[in-house]
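S.K.: Here is what each chain is made of, one letter per residue.
2 protein chains.
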Amino acid sequence: MHKLVFLLATLFPVPLAVAQSQPQLNLMPMPANIQLGTGQLLITQSFAVSSTGYRNAVGADILRFQEQLSRQTGIPFRLKPGVAPVFEIHSEHGRQAVQKLGEDESYELTITDSHAKLTSQTWLGALRGMQTFLQLVQITPAGFAVPAVTIKDQPRFPWRGLLIDVSRHFIPLDVLKRNLDGMAAVKMNVLHWHLSDDQGFRVESKRFPKLTEMGSEGHYYTQEEIREFVAYAHDRGIRVVPEFDMPGHSRSWFLGYPELSSGSDPYTLEGGGVDPTMDPTREQTYKFLEKFVAEMARLFPDAYFHIGGDEVDGKQWDANPKIQAFKQAHGMKNNQDLQAYFNRRLQKIVAKNHKIMVGWDEILHPDLPKSIVVQSWRGQASLAIAAQQGYSGLLSHGYYLDLMWPAARHYAVDPMSDAAANLSPEEKNRILGGEACMWAEWVTPENIDSHIWPRNAAIAERLWSPQEVTDVSSMYSRLNAVSLDLEWLGLTHRSARTHMLQRMAGDADISALQMLADVVEPVKDYNRWDDAKQGPIDFHAPLNRMIDAVYPESDVARRFNDLVHSFVLSGYRDKAAEGLLRNQLSSWRDNDAGLRPLLDESFLLEEDAAVSQNLSALGAAGLQALEFLDKSQTVPDSWKVSQLALIEQVKKPQAGLLLMVVAPVQQLIEAAGGQIPPN
Amino acid sequence: MHKLVFLLATLFPVPLAVAQSQPQLNLMPMPANIQLGTGQLLITQSFAVSSTGYRNAVGADILRFQEQLSRQTGIPFRLKPGVAPVFEIHSEHGRQAVQKLGEDESYELTITDSHAKLTSQTWLGALRGMQTFLQLVQITPAGFAVPAVTIKDQPRFPWRGLLIDVSRHFIPLDVLKRNLDGMAAVKMNVLHWHLSDDQGFRVESKRFPKLTEMGSEGHYYTQEEIREFVAYAHDRGIRVVPEFDMPGHSRSWFLGYPELSSGSDPYTLEGGGVDPTMDPTREQTYKFLEKFVAEMARLFPDAYFHIGGDEVDGKQWDANPKIQAFKQAHGMKNNQDLQAYFNRRLQKIVAKNHKIMVGWDEILHPDLPKSIVVQSWRGQASLAIAAQQGYSGLLSHGYYLDLMWPAARHYAVDPMSDAAANLSPEEKNRILGGEACMWAEWVTPENIDSHIWPRNAAIAERLWSPQEVTDVSSMYSRLNAVSLDLEWLGLTHRSARTHMLQRMAGDADISALQMLADVVEPVKDYNRWDDAKQGPIDFHAPLNRMIDAVYPESDVARRFNDLVHSFVLSGYRDKAAEGLLRNQLSSWRDNDAGLRPLLDESFLLEEDAAVSQNLSALGAAGLQALEFLDKSQTVPDSWKVSQLALIEQVKKPQAGLLLMVVAPVQQLIEAAGGQIPPN
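Taken in sequence, the protein lines are chains A and B.
Using my numbering, read the first sequence as starting at 16 and increasing by one per residue.
Using my numbering, read the second sequence as starting at 16 and increasing by one per residue.
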């Protein structure tokens, strides 16, 4: 991870020239075309919106727009009859009652110093343009205002999604709704709702009530709630694609309906051991699914229906003699063939209900019709192969928010890069877009927002904006602004950390704790838990530790890294940068002393003592390095050896936390040691 | 105000000895009796609650208790059947379906290192005891725990209320609900809902629909919402007393029903000029009120019904010849007599609907029956007179949260002090308690929480705890803890400031702005607005300025003041205190430079430039004073003169803000100038 941060700084050395040549409006995703005008349009209390062209049922959307503008500015707008509108919206047409993939989302927004006009082909495009307008609002010496600008915009990909797993940890609807608001703000248009998995089945079925009665521990959505939620998403221009993961990842189904499974274990949600899998050889299974899919297809209006299909380990199949006999009888060579058989049967059921089947990489099989959509957790190469075979695809590899990657790393992943770059235009058209994935092993309603935001906005930009928009420095600057804007939607991605740190600290002052939290990140990828060593995850365990509270990406560390980089580039002569570095390093050096009483008084903070000491040691080491650089002294070998030993030690994760300022301090130490010559 | 802060510090010179002799549990209100035991009871994931004795419909309350405990600790409790409960609740009886004044709220809570037991006569008492348990939860080196303790507790007064005005600014139900949660946490038991006033009528009336159609601008509660809200309050042990202010403060009624008024103006909610008043001389008025009160009496189940009755200026009566003729014909000497006539008629209507009438001081008149309750905004003397005449009373004088007083000043107000102290025991019994009042001229849903909390908790303690509980230092220490706890209820009294400051700052870093916000308070009493000079308040104006964002009371200033006081008491020899003072003063001195770019870029911050400069000047002056004290130098007269001139200048409010660290810096300057001799 440290290597990665260092690498990023090297790859993107603060390209100010590029950033400055673009108009730096705080828009995310960046629109396809921007032309800056002169002046700005003031937003006063009499700001009024009108709509022409298509006019049915748009009032609620305009009201919501005004309420959001009111939250951002603190201005209660007073719409007086007869006052000429400042913001005119003209849409030629309305929207589909069920939002369609590829429905026109383009819009044009023209703002002068006296007027704003938004035009679009569809009301869906108008919704996107209103979000752009809201992002343009800024405070100025003259008042709240939007700059004069002409924007012509449309998305690069038609499918820009976020998967939220509500099975591992149940996420209530109010939390999901504020995330829909966030998605709308960054123009994402698909919520992929991962509704069932081993750990819980989350949708009421009237045909099969034991699915939730026995498989949800009481945490599920009623059908009435789902209908209301789907309507909420539709109002914001977001499709809801349900996923019911089959034939694997389905233990929760078997508590109520063990006859569906390939084994005969008594099932519990805690599980462990062999992964329970549906029995694809019994006709009863398909009879169940006929009824189940028909019920769910009516409940979820979207044209797409996700059947999962991932990670079938086949152990339960291998252990079941009847299933083995079935395979032999049907000339199936392996479990892949058996799963393909299941998928073909399932696809027919899905199609009979007028839905298009979506599944993960593993469903790709020549026997399946070209109409299906493959979602790839494996990478662009998988997508390219599928596209060449005539299948449509979505990229999720590289967009897993639960892996705790920095925004820049997600941002660098393009669905059309690598193997996909060499596809024919027709094949490229089959790549519909992508989806960020919020798998919920380690999130709760309390910290899910901070695990999604703001990083998800960088993925949203990748999927909406032109491929050439890749400036990381500009991205981070705009990400900071959009992150602040998202707070007005009620998202808790920033505020929850404060509450969680305070919980750990009792009623003590938390400023020292915040300083530590500012420079750590959770361990990356799947390094938090090792099933082989630690056994299955306890999904009921409290998630109230430091690793659960901190942000996945440390802004403070990134900026410190940039500062060290620019200090090094100056040949160690930039005194302003040096002063800032000294202040920061001194604060870190002194922080452990301030934090000590808290660490001693709280069982939740006890484990963070080592990382706090490490930060202090790094601060001291960095300050010494600056001393040596300042005096151009020759550095004693013993110092070099001891400092590099320190670096090796503090690189190790402590309590699941990585100290993110190791690499830049190492750079200072190596510079002082003469290993990095001044420019 | 500065004088007051200084005075408080003098009156209550950090009485550590007293505070330490009390068991310092973070309870607020302080229980009547506490006996500390040995050890503590750990709260683990298997923490379970049982109830015995009265058992009807208590499950929801226990579930809510566990959810709150879960939020505080981050532990998802898993109740396994067969596990022995850790926390037993035994209540002899249930609760009244409509909560009664004086219903038994006592409870006993006994906690050992293995078990907790709560016993009460009524389930209402059990609810109070559960809140005490929640406040006892703390983080320790061993885990979350409650200390071993025996508490026997009951309230001092049976009526402990909070008035919320929803007329001047409409407050939605979700905001009110979280405030009910806050009230329950500090054992308040009455929400006094000020539902109508000149600026808006907030309750749906099916008999008189134009009250809200024309008098609410669409901001009102439906009857269904009210029933649900009253039930929500009841669940938390809170009575809801509605107030419909009559015959004054009633302009909003007249938009729909001008015939009720004493004038013939066309009415608008904005108003201004003469205060519209009901016409007490027309029989039609009483026919209207017969129907209206009957409808509202059914909607609000509480036994008490508040008719307002305050501030009738009589101008509209004086200007109406028919009303003058009526007065003459009935031998009324003045408008007080006319209002008493109205009140007698109204009281009969209220009584006919089986309700007890409550009104402000002005309703007190010998013609009214002793059953009415007088709420005093005038003071204890009014209450005492009423009690002597046989009337029951409530104190609100001294508890007006909109006056921006510090918690200590409210805390010092006792319903039984001054004139009330000399009442006979029987007369004293007529003083039922008191109510904090949140008048809503200057609050919105965004900042109302911070105007109520945490100060309201100090008033709650005054009304619940024994009269002898008056230690201000202990109060502030516990207030800090309870303020943090209240955050888990969703109250935004701390977090809203961050959002509001960020709004003013755009996407800039707000740390310098927070440093300024930390040491200012809004002007006090009614000094924000002078009707005579500025005309009527525009209740539709944005409340998004610094004065709207900052806390009514500055903790930083209070602590700085304490620190200066203790430094002075040490004879200027306490080097640790001096170091802290220096750090703080330096930060203030340097803050203006950091804040300058923000002030220049934001129209909302422009007005705060002077107060920022003043803080810097104070920081510099304080540092100079410390220099002189340090060197025991004779201070040049010119310095003294210039510094005291500075003090005079920075005392003046700027943009409605008072700099709350003037007094302690003045103390340092006077000390350096030899005006305060060292001890």
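Some hints could be false.
One copy or any two copies: either way a pair holds, since identical chains are not told apart in the list.
To be verified - Below, a list of computed lysine-lysine pairs in the DSBU-like style, where the Cα atoms sit at most 35 Å apart:
(1) Lys167 / Lys330
(2) Lys192 / Lys221
(3) Lys342 / Lys167
(4) Lys646 / Lys590
Calculated directly from the structure, the hints in this document are not laboratory data.
S.K.: Decide, hint by hint, whether the structure agrees.
M.R.: Do the hints match the structure? See the list:
| no. | hint | result |
| --- | --- | --- |
| 1 | Lys167 / Lys330 | neither (54 Å within a copy, 61 Å between copies) |
| 2 | Lys192 / Lys221 | both (24 Å within a copy, 34 Å between copies) |
| 3 | Lys342 / Lys167 | neither (56 Å within a copy, 73 Å between copies) |
| 4 | Lys646 / Lys590 | both (13 Å within a copy, 34 Å between copies) |
In terms of the numbered hints stated before, the structure departs from hints 1 and 3, listed from lowest to highest.
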